[in-house]
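Residue-level listing of the chains:
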Amino acid sequence: MCGLCGVFGGERHWTERAASPAIFGGPDGDGPEGRRMTPARERQERVRLVNRVLDPLGLVLVEWAASSYVLRTKTGRSEVVSDLGGLWPAAERLLGRPCDPLDPGLLARIART
Amino acid sequence: MRAADWSALIPVNVVTGFLGSGKTTLLSRLLASPRLASTAVLVNEFGEVGLDHYLLESVSESMVLLDNGCVCCAVRDDLRSALLELHGRRERSEAPRYDRVVIESSGLADPAPVVHTLTADPVLRHHYRPGAVVTVVDALHGFGHLDRYPESVKQVALADRLVLTKTDLAGPEECAILKGRLEAMNPAAPVRLAAGPAGAGGGSESTADAVALLVEDVHRADSRQAEAERWLGPGAVAAPHHHTGDVSSFCIETDEPIDWTVFGIWFGMLLHRHGENILRVKGIVDVPDLDGPVLLNAVQHTVHPPTHLPAWPRTWGREDGRAPARGTRIVFIVRGLDRERIERSLAAFRDSLAGASAPPPPPRGDRISTESSRNHLAR
Numbered sequence: 002m003c004g005l006c007g008v009f010g011g012e013r014h015w016t017e018r019a020a021s022p023a024i025f026g027g028p029d030g031d032g033p034e035g036r037r038m039t040p041a042r043e044r045q046e047r048v049r050l051v052n053r054v055l056d057p058l059g060l061v062l063v064e065w066a067a068s069s070y071v072l073r074t075k076t077g078r079s080e081v082v083s084d085l086g087g088l089w090p091a092a093e094r095l096l097g098r099p100c101d102p103l104d105p106g107l108l109a110r111i112a113r114t
Numbered sequence: 155m156r157a158a159d160w161s162a163l164i165p166v167n168v169v170t171g172f173l174g175s176g177k178t179t180l181l182s183r184l185l186a187s188p189r190l191a192s193t194a195v196l197v198n199e200f201g202e203v204g205l206d207h208y209l210l211e212s213v214s215e216s217m218v219l220l221d222n223g224c225v226c227c228a229v230r231d232d233l234r235s236a237l238l239e240l241h242g243r244r245e246r247s248e249a250p251r252y253d254r255v256v257i258e259s260s261g262l263a264d265p266a267p268v269v270h271t272l273t274a275d276p277v278l279r280h281h282y283r284p285g286a287v288v289t290v291v292d293a294l295h296g297f298g299h300l301d302r303y304p305e306s307v308k309q310v311a312l313a314d315r316l317v318l319t320k321t322d323l324a325g326p327e328e329c330a331i332l333k334g335r336l337e338a339m340n341p342a343a344p345v346r347l348a349a350g351p352a353g354a355g356g357g358s359e360s361t362a363d364a365v366a367l368l369v370e371d372v373h374r375a376d377s378r379q380a381e382a383e384r385w386l387g388p389g390a391v392a393a394p395h396h397h398t399g400d401v402s403s404f405c406i407e408t409d410e411p412i413d414w415t416v417f418g419i420w421f422g423m424l425l426h427r428h429g430e431n432i433l434r435v436k437g438i439v440d441v442p443d444l445d446g447p448v449l450l451n452a453v454q455h456t457v458h459p460p461t462h463l464p465a466w467p468r469t470w471g472r473e474d475g476r477a478p479a480r481g482t483r484i485v486f487i488v489r490g491l492d493r494e495r496i497e498r499s500l501a502a503f504r505d506s507l508a509g510a511s512a513p514p515p516p517p518r519g520d521r522i523s524t525e526s527s528r529n530h531l532a533r
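Protein chains in written order, with the numbering used here: chain W, 2 to 114; chain C, 155 to 533.
Since the hints were derived computationally from the structure, they do not count as laboratory data.
Glycine included, C-beta positions come from ideal geometry on N, C-alpha and C.
Check the hints yourself; a few may be wrong.
Examples of chain W residues toward chain C, derived with CB under 10 Å [what the hints assert, rightly or not]:
hint, residue
1, Trp-15
2, Gly-77
3, Pro-90
Anything over 12 Å on all C-beta distances counts as not near chain C; from chain W, calculated [said to hold, decoys possible]:
hint, residue
4, Val-61
5, Val-63
6, Trp-65
7, Ala-67
8, Ser-68
9, Arg-73
10, Thr-74
11, Lys-75
12, Thr-76
13, Arg-78
14, Ser-79
15, Glu-80
16, Gly-86
17, Pro-99
Pair by pair, the computed Cβ-Cβ distance ranges are [claimed, not checked]:
hint, chain 1, residue 1, chain 2, residue 2, range
18, W, Pro-99, C, Val-277, 29 to 35 Å
19, C, Gly-334, W, Ala-41, 47 to 53 Å
20, W, Asp-104, C, Arg-302, 32 to 38 Å
21, C, Glu-494, W, Pro-90, 24 to 30 Å
22, W, Asp-56, C, Glu-494, 23 to 29 Å
23, W, Leu-96, C, Asp-376, 45 to 51 Å
24, C, His-397, W, Leu-96, 31 to 37 Å
25, C, Ile-331, W, Ala-66, 57 to 63 Å
Bound conformation, chain C alone:
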């Protein structure tokens, strides 16, 4: 399947967060939006807060570990069955024609196997694709959860969107400190403060939240450029190396283009050996002869199909502060891995294998002009 076909698949969002963080309350509010009117919801357990939704299914949480024993590569067999059953009913017109699935996972669940299941299963991947992972953090107890539970740290590290709930119950200063901590842990994910008690609200506010949290993502052509610019904001690029326990985030930056094949060899080898400790990777890769970057997006061992941006995103810390600029910028969120070792390794592969690159093919009229791209950026 071609990468572009992902936009035609049914997106599957994961809403995760620690026990009692307000996932169901947030989801109830989001589902009130007309934008999510055709959404199927899968929950791991029916909690105290009832979800009133027309298409609500429950799944158990059983996992099948693969031979390598890596939890992120586990197949959520329960989820696979539930999604296939749901799709079958949809096709037989026994269920409404939903255009999105939201999974509300249990408090201790790891989102990585969900993403892996969606992309690795040979049947599922022709019907569904991963959507944004939304992690809910409770402003009252978030600090304690992050300090004591590695599950909570991982849920934040893997998120595409972070929502701070119960902000009315915690003081503004505590909220600001926790928000800063979340931004440091996962600089590529925007943090949204849920308004009012446990994120109460409705109407246009629900729709705005639904679009920002669930609908927009990097796999949609209309939000891809903005998403890349969110990844490369001031918290990520040119920012210091952040640590939370043994989890750290940093951005690798280089202005030297790298051959895509060389990058693929390096990144594939890196993820194979260290993928369990590479929690999340998001960024842009500067490939020679292209007018725009290749977008890179990985969750542990799972790499989403790389896509191509037609133009360079605005990147923080360049020239006038918010200018489009060429260059490779990759945000890593890792556990116990050293930034300098990763940088040295990438540079070594690039420099050692660059000399081995095949001579370029003869010029063709339809080749993309690098020169015109650079001139455009200089204007």
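Just chain W, same shape as in the assembly:
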């Protein structure tokens, strides 16, 4: 557990697992051969891409201490999330409405960002 924030350190989320050494590398990955990105770069890339989806919803995600993420609304409300598994429940709590990837309106807005 992190002594600062009380967040339990848990299993890596499936999106962060080493499905292939060519996708993720790093000390917890499958070794240096074929490494495409360091874990740090992979996290930065994940944040950048997630923000393309969050922007039309009025949310922004930032990386925090290389171990978690902070999700913020434009009015400054925020939640700490440990991985993508915690992202969407937090987003819906902050927005007070569902975040539906099948919503054609949301898909159109993502395409315009």
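Since the structure of chain W is provided, determine the placement of chain C on it from the hints.
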């Protein structure tokens, strides 16, 4: 824990099926195989057919619902306690060193919380992993169960293997029609006909069944490729959209590779919002710069650790009919969700976020060559 470590964990099979479908009889026969000699069995209730096994435990069926109220994300507290107790006894040498656990669930049980419990519990997941879910369907009453009971439909939808029992009591035509219905409902799970009265048999036949039903699964390196090819057989790929009530199965196919991070964002968001109605997902994802696909395997909200296949599986409907081919092929079994909406959503995420992808890192000597992979496939 790394995905590869799953192969070192103790597999936990679930044998499920409607009341009176012949689960215990099938299990008795399978347990006669030497391949299952070191298997611990957990049953929800001691039924009329007695199981004679050296390590047989009973568990009640209590569930702890999590805050989101989703039944598939419920933790089977009874099961957690039973498995931890069993493991403790094994480690203290108070119980035989079993290398597999088989849970015979009660007739109305939902297999999804069992899978969720095994993967979500912070202690259990370091000792156990989910094995194949085997669903037993009674050839005499299967139609009625599927028509009347949503529990039965879900048990079939979530299965990795389907066994049709009592085939000697039903006519061959009825068996063939029911088999076709099961294949349409769950095109990624092979259907096995149990031979003889209620699956009687033994010896080498038991061993063959035990291996095919319980031992082989996608988490074993030696059966992973064959399992992926079973998922992508003629019943799944290039097949029409099947409906059974509000449950339907279909295969999403696209030849355009998708960035793994983009796919993870999309699939995670999809499962969060619609996971209760996405009963089962199995397939391969074509990720750029890889020689083989990433295997995807999910049971409602629970996603198994993705693994990487070194080579493309033979996929039905491509080129000469059974050729290895690149491409994303994902079989969905859903309740009340529309195939076109899911396809449009995946394409929109892929196309919208593809332009936002970071520039590739400079070439390195150890990078995997996509070109060589494509040339290999062309030969």
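We went through each hint and held it up to the structure:
no. : hint                               : result
1   : Trp-15                             : 4 Å, holds
2   : Gly-77                             : 24 Å, violated
3   : Pro-90                             : 7 Å, holds
4   : Val-61                             : 15 Å, holds
5   : Val-63                             : 16 Å, holds
6   : Trp-65                             : 18 Å, holds
7   : Ala-67                             : 17 Å, holds
8   : Ser-68                             : 17 Å, holds
9   : Arg-73                             : 18 Å, holds
10  : Thr-74                             : 18 Å, holds
11  : Lys-75                             : 20 Å, holds
12  : Thr-76                             : 23 Å, holds
13  : Arg-78                             : 19 Å, holds
14  : Ser-79                             : 19 Å, holds
15  : Glu-80                             : 15 Å, holds
16  : Gly-86                             : 7 Å, violated
17  : Pro-99                             : 6 Å, violated
18  : W:Pro-99 to C:Val-277: 29 to 35 Å  : 33 Å, holds
19  : C:Gly-334 to W:Ala-41: 47 to 53 Å  : 52 Å, holds
20  : W:Asp-104 to C:Arg-302: 32 to 38 Å : 34 Å, holds
21  : C:Glu-494 to W:Pro-90: 24 to 30 Å  : 27 Å, holds
22  : W:Asp-56 to C:Glu-494: 23 to 29 Å  : 26 Å, holds
23  : W:Leu-96 to C:Asp-376: 45 to 51 Å  : 47 Å, holds
24  : C:His-397 to W:Leu-96: 31 to 37 Å  : 34 Å, holds
25  : C:Ile-331 to W:Ala-66: 57 to 63 Å  : 59 Å, holds
In summary, the numbered hints that this structure violates are 2, 16, 17.
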